[in-house]
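Read off the chains here:
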Amino acid sequence: MEGQRRDRLSAHPNKTHAREDKEPEMKPGTRLKSAACDTEVMVIRAADGQIECGGAPMGEAKPADPAPLAADFSAGTLMGKRYVDTDGKYELLCVKPGKGSLAVDGQALVVKDAKPLPASD
Amino acid sequence: MNIALLLEMAAEAAPDRIALVCEGKRWTYADLLAAARGAFAVIQDSGAEYVALLDESSEAAVIAVFGAALAGVPYCPLNYRLPDADLAALLGRIAPALVIGDEERVMRIAGNQGHTILAREEFTLKSQETVPADDAREYDPGEGVAIQLFTSGTTAAPKAAILRHSNLLGYILGTVEFAGADEADAALVVVPPYHIAGISALLSSIYAQRRIVMLPAFSPEGWLALVEGEAVTNAFVVPTMLARIIEAMEKGTSADTASLRAIAYGGGKMPLEVIHKALERFPAAGFTNAYGLTETSSTVALLGPDDHREALASDDPNIRARLTSLGKPIPTVEIEIRGENGEVLPTGEPGEIYVRGEQVSGEYKEKSALDAEGWFPTRDAGYMDADGYLFLSGRADDVIVRGGENMSPGEIEDVLLTHPAVADACACAIPSVEWGEAVGVAIVTRAGHDVPPEHELKDLVRSRLRSSRVPEKVAFVSELPYNEMGKLLRRKVKDVLAL
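Top line first, the protein sequences correspond to chains Z and G.
Start counting the first sequence at 0; every next residue gets the next number (numbering that gives the first Met the number 0).
Start counting the second sequence at 0; every next residue gets the next number (numbering that gives the first Met the number 0).
Just so you know, the hints here were simulated from the structure itself, not pulled from any lab data.
It cannot be assumed that every hint is accurate.
Taking lysine-lysine and the DSBU-like style, the derived pairs with C-alpha atoms no more than 30 Å apart in a straight line are [as the list claims (entries may be wrong)]:
no., chain 1, residue 1, chain 2, residue 2
1, G, Lys268, Z, Lys88
2, Z, Lys80, Z, Lys111
3, G, Lys366, Z, Lys26
4, G, Lys327, Z, Lys111
5, G, Lys364, Z, Lys26
6, Z, Lys114, G, Lys327
7, G, Lys268, Z, Lys114
8, G, Lys457, G, Lys472
9, Z, Lys80, G, Lys472
10, G, Lys276, G, Lys158
11, Z, Lys98, Z, Lys26
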């Protein structure tokens, strides 16, 4: 993980800063970290919008100075929950919980209804 | 995406919780993750392109599946019951591999194929002792192969079915709730490691944080003792195992099975008599029938506990019949029944079962079997009733075609099994000069009954089904041939009937 993170950072030196351009589409499997809390997610599905946590953009590395936790995005994330937008373009799996809540371009994501099945294997 | 994520999340959330119990040894999630990381380094150092397991279930199977995932190398558990020549041919197809397990046998039959061979204990110990370099962790680009399983290949060379990380993660994330199990929950895993149900059992239990209790070699007494000793709550069995467990209990093997809350079964047709007895023997357990294939990352349809009890209690023959069904498609897949020309058939019409969904790989190393829209033709024949319950009639290749009329062996067998003197029945095609194919049946007489007269069996079929279904040939046999997973070997029956 560390090795890959460094590679990516050197290819995109401004990755964790606010930018004028949109991010390229996130590849499934990419891990993103919150700048405002401990939350980490794995991208299951994403388009080219800005993925945020606690009101701040998420990146593959944590910024040296943490971003403030926005009050509107402080409901928290839960480990193992999947978060989706209403259009079904984004799906993030929380792999580490935190105090912030997830959003894309300011629109809050919601927990995907789990459909737990009777254990079958 | 990488299936190693499942173990990483479990170890992150509950490092000290017991993940696995095997032959008295206990492993926490942190133990398993540390060993999987060590295995990753061992695999990388070996230069292997596959990780193969030639062994019964043990902690090595868990360490190998996740170690291989971290290393980005397919994990390929092999059937140790295969004859030497067949096994050597499969090993040749995955060389160079890191082969874990029967060192002596691999040396003897495939010693010149360039494999690295480690006995189970050696692999486990090495994995525990090795610490990978801190930044060596690499993620799969997303479409990498996690598992390769050879099909049983009864007619041709075995096909190499491949399951990608995305297929398996699609299945687990879509059907299992993370950390959804109570701390006291325990799943008894007895399916061999080279079977898809053995692999999906490990992945789903780890993600649910349900303690895995392994029984490397099945015996009804061993199974019952482990249920009591480990207070097992969940178990998956194939039908023959369940039949043998009930038989042992009837003969007086006793065990406290009160902890058993859920019993799932699959892998072959469950005789109605066995499931009836099981429902009585384990009144507190919920029963689930799971239908799935290697190529679909395990379960795609299931008949749940409520369906079982409702069917048992009902007077409506349509509802009672659900006990013989596969249940309904799980919400994350689509299922269609199609005819010979690929057309979607209406409700109730028998045809071939097609499946589509994230978990469906439908892919072999040689080529993908998916159609342009992503549908996988299972080669299983079946139909769906008006309430959405899926019924399996057998392999599409087993359909009997008599004078252009398609007949499924299952419907004929179900009728024959209603005869009090019939313990087991198998219908298959026999050559017919007049019709091309006709119906032949092999019958096992129930203990304590006289061999039923042929005309009685023919009359029974005639009274319940169309006259074309009436068997032209009836053979009485002492038992039907099943493989170790409880699958009826129809080809062998065909050979007997052709005599």
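To see whether the hints hold, each was checked on the structure:
1. G:Lys268 <-> Z:Lys88: Violated, at about 40 Å.
2. Z:Lys80 <-> Z:Lys111: Since the Cα atoms of lysine 80 (chain Z) and lysine 111 (chain Z) sit roughly 7 Å apart, the hinted pair holds (cutoff 30 Å).
3. G:Lys366 <-> Z:Lys26: 25 Å, holds
4. G:Lys327 <-> Z:Lys111: Given pair lysine 327 (chain G), lysine 111 (chain Z) holds - Cα atoms ~22 Å apart, limit 30 Å.
5. G:Lys364 <-> Z:Lys26: Roughly 24 Å separates the two Cα atoms, so the pair holds.
6. Z:Lys114 <-> G:Lys327: Cα-Cα ~14 Å, so holds.
7. G:Lys268 <-> Z:Lys114: 27 Å, holds
8. G:Lys457 <-> G:Lys472: Holds. Lysine 457 (chain G) to lysine 472 (chain G) sits at ~10 Å (cutoff 30 Å).
9. Z:Lys80 <-> G:Lys472: 58 Å, violated
10. G:Lys276 <-> G:Lys158: 37 Å, violated
11. Z:Lys98 <-> Z:Lys26: 25 Å, holds
Violated hints, in rising order: 1, 9, 10; the structure is consistent with all others.
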